[in-house]
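Novice: Next come the chains, spelled out residue by residue.
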Amino acid sequence: MEIKEIEKLAKLARIDLTEIEKQTYLKEIGAILNYVDQIKEVVAKTGEERKVGDLHNVMRGDEIKKQSGENTEILVNEFPDKKGNYLKVKKIL
Amino acid sequence: MIDLKDLTIKKAHEALITGGYSCVELAQAYLDNIKEKDGNVHAYLEVFADIIKQAKEADRRIREKDNVTLMTGIPMAVKDNILIKGRIASSASKSLENYHATYDATVIKKLKEAGAVFLGRTNMDEFAMGGSTENSAFGVTHNPHDLERVAGGTSGGSAAAVAGDMALVALGSDTGGSIRQPSSFCGVIGFKPSYGIVSRYGLMAAASSFDQIGAIGKNIDDIQIIFDFIKGVDLLDSTSRENKQINTKNSKIKIGIPKGFVTGDGIDKDVLKNFTESVEKLKKLNYEVMEINLTNLRYSLATYYTLIFAEEASNLARYDGMRYGLHVDGDNSIDDYFKTKATGFGPEVKRRIILGTYILSSGYYDAYYNKANIVRDLIREDYQKAFEKVDIIITPTTPGPAFKIGEKITDPLQLYLEDIFTVPANLAGLPALSIPSGFKEVDGKKLPLGLQLFANNGKEETIFALVKDFENK
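Chains as they are written, first to last, in numbering that gives the first Met the number 0: chain A, 0 to 92; chain B, 0 to 472.
In isolation and in its complexed conformation, chain B is listed as follows:
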């Protein structure tokens, strides 16, 4: 029996190349777990039929020493909005329910070359709009720690798969916290790179100036390994760039907490208590922790939502049923669009398209869209100034632990407010990571809590260094 609970990429790799077990056996172990648990969790929208075939090929590569990498044979899950050529990619939407990807995302191409085994596509909020995976057109994903609660979103399936040992690692996407929040809810590590460091080619766009593909895993080494494989400038993504930051600090990392931001209003008291404990732990490790001033931070949610509604509405115009995807016949050519979209899109998607259209319509464009961009720049500048004083900024990842399924879905604004700690990273393009920091006990169930770390643009190595230190103690 392969111990999946404490498995890491390096341990698996060692076993695979020394003959401890084969890639097929490892893949089968995950398949067995999926069979046992996913009926209740529903992390996967599709478990690929050719997993053993993929694993056999990985075994061949190892046997013949044919381009063997750390990722060869490693079973991983992929969020349903990342394209794998020839496979269905639906973004958990009826509008793409039977759409087959016509090309590989760059991150997939890289992982294929490395020999990774793709277990399946994971559930998410439709078109990456939401915060709980309740907006999936194909059913919600349940939190493995408490099946009555959400796994979080929008990468709920990916986080639940890793938390439930149904994948060793997973890819997710993060527009305003969509990797970090579900990772926090599910008790695993979720990482969003600096904007531009990982190619978005082949990631179905939600909000183009916010989206990033990132990694979900159970330990920091695995996160770093995935990041190293998927990062890099890509000519097919003109917003991607080489990471020009060279060396990490040699002197001790300084940590900042945004002044007035982690306070009692609207934040669970156990989250605050847990955060204080994390701060104490960091101080005991001799890290200097200070308050920093981020003047415009309180506008981040309003700025974020204004901009993403506009970008998302624009990006979803392409799903008109003309060239691919669901097509519903109307009375005439233009009526085809009206009917196709009415049928294909869920309520949150429609809501955001209406909002985005409003924000971009003449008469409102200046007051909303242009203004929000200006505020976004101010927030970016606030962070630049703060990073002159500190290297890492910490907050809780979420204002509370995983909420119950159905609890927040009827009030969209309530759900938006859950993003308060995570959106600044996407506004400012900063790398950010959530690590499990403890639990809140509710009704006999231990609900995971998370600590979030931000670093300056391009400084993900600083985050990795701090987490390694924090994790070991």
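The following block holds chain A by itself, in its conformation from the complex:
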């Protein structure tokens, strides 16, 4: 793995990394990926239908169950920046 790869991943993940962080992670991540590479040893057919135990899709009707405005105040209070009840963000060019 190279520094460029770490930089590309950081960009994908939207995280700024310092130069020191990039170097440290390069070393550590290399070692960790080496370890998890073991799973390549397992001989198994891909493309088979996978079981996920008891999990299955859970559906419900598309109905609104809450009163309008019930949670507005408590949610708006957590906004980093607001104008009235609107979440304020920088413009997206």
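Simulated from the structure, these hints should not be mistaken for laboratory data.
Small disclaimer: the values here were computed from a predicted structure and weren't measured.
Warning: the hint list may mix true and false statements.
Only pairs whose alpha carbons sit at most 25 Å apart, straight line, appear in this in silico SDA-like list of lysine to any residue [to be verified]: (1) B:Lys280 to B:Glu290; (2) A:Lys21 to B:Asp334; (3) A:Lys87 to B:Thr342; (4) B:Lys84 to A:Leu74; (5) B:Lys439 to B:Ile404; (6) B:Lys407 to A:Lys82; (7) A:Lys89 to A:Ile63; (8) A:Lys10 to B:Glu380; (9) B:Lys111 to B:His12; (10) B:Lys280 to B:Asp220; (11) A:Lys89 to B:Gly329; (12) B:Lys407 to B:Gly263; (13) B:Lys10 to B:Asp58; (14) B:Lys36 to B:Asp442; (15) A:Lys21 to B:Gly345; (16) B:Lys84 to A:Lys10; (17) B:Lys445 to B:Asp334; (18) A:Lys82 to B:Leu271.
Model the placement of chain B on the given structure of chain A, informed by the hints.
Specialist: Chain B in isolation, oriented as in the chain A frame:
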């Protein structure tokens, strides 16, 4: 003076309803202990300011016989990643340092209805990533048995609180051993239910197909009581389900040990000795103990980490500082994300996000993520086959006792390898519990060791039955 050391939920309940002492007195006893010990242990990130108010309400309920349950007035601690409406929940991260939960987790709603008293939120590894609580953005939690050692993680605060008599019981969360390992290090019982039996609504997600909320306590009855209160299907968690397993076995429980797994490599010799002693004890209680074959078990750590990096990276995308939490200004809207995350997340979190992004990126997705899912299924099948022969599988909980603070944190891979015994339960969705099984003496300090029990999906009652038998003898 209330004896907190040997207190149980049932004993406390009896005293509270017969007037032995009040909920306020009981809460105060824990507050006194917290004041005395937590300066050194640092189990709590916040001790709630309204504890006495909560306790007074519990006293009122008892006095007026208004929906009194076993949990009414019982002082408990809650891990910092479980939401209690209106209170700060930070997942021990700077990114949520001042975030106030906007709703109750389902488990909290249930415990509130039951009248439990919440003492405070406990320390943990940031976003439940780690194995020692050294990854907390707000300082490490020290092991009450030896303050120079870790309490374990990621539910280190919860385990230390119970071990130090700073809470009677606690809630934790377990993704790969995060309840069981700190419980083992701190000499208390830690229980992770089968996947889906306890709702994850209101638990900040780490790895969604692995996480479960569970209980930490000092005796098996308390664990079972908490479990009974918090379990149940929840429409707000589509992965939750009713426990369809009905009766426990009537015939004697059979116990299995994974062949070739509990051996000398990388495992402390005193842990092995202690494990052998536990096996002997079980045999003396007339349990049949046999070896079982789990062919793909040796891939469990690699499979586990591949999948959780991917799931954790996905789950943490939401902490972008837009709608809540820490917001750091960048040059433009997208730069806000880069700066916010750089500031808000600690090193382990960043490391896992980078790893998860790699694993899910095109070109690697198939070799890592898809492959790991296939191996996970194989491991699940191995356990299904094993549970046709045995009812309980045992291993030590950890390869060694609590390590010293700072000893492993500089080598992430070393820390990951500590999880070797616990991750299979989360891979296969099995219920698993760690009970204290003895001590290793190091430098004049007795460091707790733990025995881990797994049962098949939905069969937690079998674990409880065995522990009750084992504990009493």
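Novice: None of the hints should be skipped; say for each whether it holds.
Specialist: Here is how each hint holds up against the structure:
Distance restraint check for B:Lys280 and B:Glu290: the Cα-Cα separation of roughly 16 Å lies within the 25 Å cut-off, and the hinted pair is therefore satisfied. About 18 Å separates the Cα atoms of A:Lys21 and B:Asp334, which keeps this hinted pair within 25 Å; it holds. This hinted pair checks out: A:Lys87 and B:Thr342 have alpha carbons roughly 21 Å apart, not beyond 25 Å. Proximity of B:Lys84 to A:Leu74 is assessed by CA-CA distance (about 11 Å); at most 25 Å being required, the pair is judged to hold.
Taken as a hint, the B:Lys439 and B:Ile404 pair is honoured in the structure, with Cα atoms around 17 Å apart against an allowance of 25 Å. Pair hint B:Lys407 plus A:Lys82 does not hold up; C-alpha atoms about 47 Å apart against a cutoff of 25 Å. Restraint check: the Cα-Cα separation between A:Lys89 and A:Ile63 comes to about 31 Å, which exceeds 25 Å; the hinted pair is violated. With a C-alpha separation of about 38 Å, the suggested pairing of A:Lys10 with B:Glu380 is violated against the 25 Å cut-off.
Simply put, B:Lys111 and B:His12 have alpha-carbon atoms about 16 Å apart, close enough for the 25 Å limit, and the pair holds. Distance hint between B:Lys280 and B:Asp220 is fulfilled; the C-alpha atoms sit about 21 Å from each other, no more than 25 Å. Between A:Lys89 and B:Gly329 the CA atoms are separated by roughly 10 Å; this keeps the pair inside 25 Å, and the hint holds. For the suggested pair B:Lys407 and B:Gly263, the alpha carbons sit about 20 Å apart, so the restraint of at most 25 Å is met.
As the CA atoms of B:Lys10 and B:Asp58 are separated by approximately 16 Å, the hinted pair is consistent with the 25 Å bound. Taken as a hint, the B:Lys36 and B:Asp442 pair is honoured in the structure, with Cα atoms around 22 Å apart against an allowance of 25 Å. For a cut-off of 25 Å, the pair hint linking A:Lys21 to B:Gly345 stands: about 14 Å separates their Cα positions. Distance hint between B:Lys84 and A:Lys10 is unfulfilled; the C-alpha atoms sit about 34 Å from each other, more than 25 Å.
In summary, the hint linking B:Lys445 to B:Asp334 is not supported, as the alpha carbons are separated by about 51 Å, beyond the 25 Å threshold. With a CA separation close to 62 Å, the supplied pair A:Lys82 and B:Leu271 exceeds the 25 Å bound.
When the structure is compared with the earlier hints, violations turn up for hints 6, 7, 8, 16, 17, 18 and for no others.
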